[in-house]
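**Student:** Here are the chains, one letter per residue:
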Amino acid sequence: MSTQLVDFSFVYEMADDDATYVYEVINLFLKTLSDGMGKLEKLVNEGADFSEIRFQAHFLKSSAKVVKVQGMFDGFFELENMAREERDRDKMLPLVSMLMNAFTQARPELEREIAKNKKAMSKA
Amino acid sequence: MLTGIRILVVEDNMVNQKITNFMLKKLDATADSAMNGNEAIELLMHNDYDVVLMDLQMPGMDGYTTTEYIRTKLNNNIPIIAVTADIFVSESAEYFNSGMNACICKPFEPNHLEEIILNLVKVETLASKKAG
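Chains A and B supply the protein sequences, listed in that same order.
Each step along the first sequence adds one to the number in our numbering, with nothing skipped, and position 70 is 70.
Our numbering runs 1000 ahead of the 1-based position in the second sequence.
Source of the hints: derived by calculation from the structure; they are not laboratory data.
Even for Gly, the Cβ is constructed at its ideal location relative to N, Cα and C.
Be aware that a few hints might be false.
[Claimed, not checked] Simulated crosslink set (BS3-like; lysine-lysine; CA at most 25 Å straight-line):
(1) A:116 with B:1122
(2) B:1073 with A:31
(3) B:1026 with A:39
(4) A:116 with A:39
(5) A:68 with B:1122
(6) A:42 with A:31
(7) A:116 with B:1073
(8) A:31 with B:1122
(9) A:118 with B:1073
(10) B:1018 with A:65
[Unchecked claim] To give an idea of the chain A side of the interface with chain B (calculated C-beta under 7 Å), a few residues:
(11) 20
(12) 21
(13) 23
(14) 24
(15) 27
(16) 28
(17) 30
(18) 51
(19) 66
(20) 68
(21) 70
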């Protein structure tokens, strides 16, 4: 079940038509990324320790493997590696901006999928 | 299926926690969740589990530190499966050296998780029978 910007296939493969599960997972993803991206941007903007940036990129990366927003997993992976290798600090902010844009563009699709499953829940 | 098997899921990412718990429910396991190492230790001290799914990166006590505590301070040999998003960890012996018994990469497939858990629980049951 893939749309232009978001691949939901992993979530739906396991769901067995359980709309509540799909609704909860995508909702959690939206919240986790909303909160987490804000924190990541702050860390990079403030020149935080590489270890903190690595930790946060790693944390968000695993969610991006589940609900696959185009470009986000690769972006988190690259940011995590930069932080792990303690290099290219000047390239981190543009990368975070790219990730924020990807998330912002995907948000309508995520919200549509949430609404769709919420409707299915009420019919069940 | 994992009917009758009690599992402690130690995971700070709510998306991953939700998916893992859903998967375990489908496999008919009983699961409790902890958000970090301290919660995991508290649950282990007061409950019986057959296996632990341990996220490696967590705030505060990470998976390695939590495992070392479980082994040395709690003196608990419960099977612990390292859960990681990093493939290079699963290919190294790092998780094994800290006291964990197996490793799985997330996101994982239910049948893969089931196989690892059944193998570990079977080994532990045989070991208990030999000791008892």
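**Student:** Hint by hint, note whether the structure agrees.
**Tutor:** Outcome of the hint check:
1. Distance hint between residue 116 (chain A) and residue 1122 (chain B) is unfulfilled; the C-alpha atoms sit about 42 Å from each other, more than 25 Å.
2. Between the alpha carbons of residue 1073 (chain B) and residue 31 (chain A) the distance comes to roughly 36 Å, so the proposed pair goes past 25 Å and is violated.
3. Restraint check: the Cα-Cα separation between residue 1026 (chain B) and residue 39 (chain A) comes to about 34 Å, which exceeds 25 Å; the hinted pair is violated.
4. About 29 Å separates the Cα atoms of residue 116 (chain A) and residue 39 (chain A), which puts this hinted pair outside 25 Å; it is violated.
5. Between residue 68 (chain A) and residue 1122 (chain B) the alpha-carbon distance is near 36 Å, which puts this suggested pair outside the 25 Å criterion.
6. Pair hint residue 42 (chain A) plus residue 31 (chain A) holds up; C-alpha atoms about 17 Å apart against a cutoff of 25 Å.
7. Simply put, residue 116 (chain A) and residue 1073 (chain B) have alpha-carbon atoms about 49 Å apart, too far for the 25 Å limit, and the pair is violated.
8. About 39 Å separates the Cα atoms of residue 31 (chain A) and residue 1122 (chain B), which puts this hinted pair outside 25 Å; it is violated.
9. About 46 Å separates the Cα atoms of residue 118 (chain A) and residue 1073 (chain B), which puts this hinted pair outside 25 Å; it is violated.
10. With a C-alpha separation of about 14 Å, the suggested pairing of residue 1018 (chain B) with residue 65 (chain A) holds against the 25 Å cut-off.
11. Because the smallest distance between the Cβ of residue 20 (chain A) and any Cβ of chain B comes to about 10 Å, over 7 Å, the interface hint for this residue is violated.
12. For the restraint placing residue 21 (chain A) at the interface with chain B, the shortest Cβ-Cβ distance is roughly 5 Å, inside the 7 Å limit, so the hint holds.
13. With 7 Å as the threshold, the beta carbon of residue 23 (chain A) stays out of range of chain B, its nearest partner Cβ sitting at about 11 Å, so the hint is violated.
14. The beta carbon of residue 24 (chain A) is positioned within 7 Å of a beta carbon in chain B (closest approach about 6 Å), and the interface hint is therefore held.
15. The beta carbon of residue 27 (chain A) comes no nearer than 9 Å to any beta carbon in chain B, farther than 7 Å, and the hint placing it at the interface is violated.
16. The beta carbon of residue 28 (chain A) comes within 5 Å of a beta carbon in chain B, closer than 7 Å, and the hint placing it at the interface holds.
17. Contact between residue 30 (chain A) and chain B, as hinted, is not supported at the beta carbon level, the nearest pair being about 10 Å apart and thus beyond 7 Å.
18. A cut of 7 Å between beta carbons decides the hint on residue 51 (chain A): the least distance to chain B is about 11 Å, and the hint is violated.
19. Of the supplied interface hints, the one on residue 66 (chain A) holds, with its beta-carbon coming within about 6 Å of a beta-carbon of chain B, less than 7 Å.
20. At about 10 Å, the closest approach between the beta carbon of residue 68 (chain A) and any beta carbon in chain B exceeds 7 Å, and the interface hint on this residue is violated.
21. The interface hint given for residue 70 (chain A) is broken, as the beta carbon of that residue sits about 17 Å from the closest beta carbon of chain B, more than 7 Å.
When each numbered hint is compared with the structure, violations occur for hints 1, 2, 3, 4, 5, 7, 8, 9, 11, 13, 15, 17, 18, 20 and 21.
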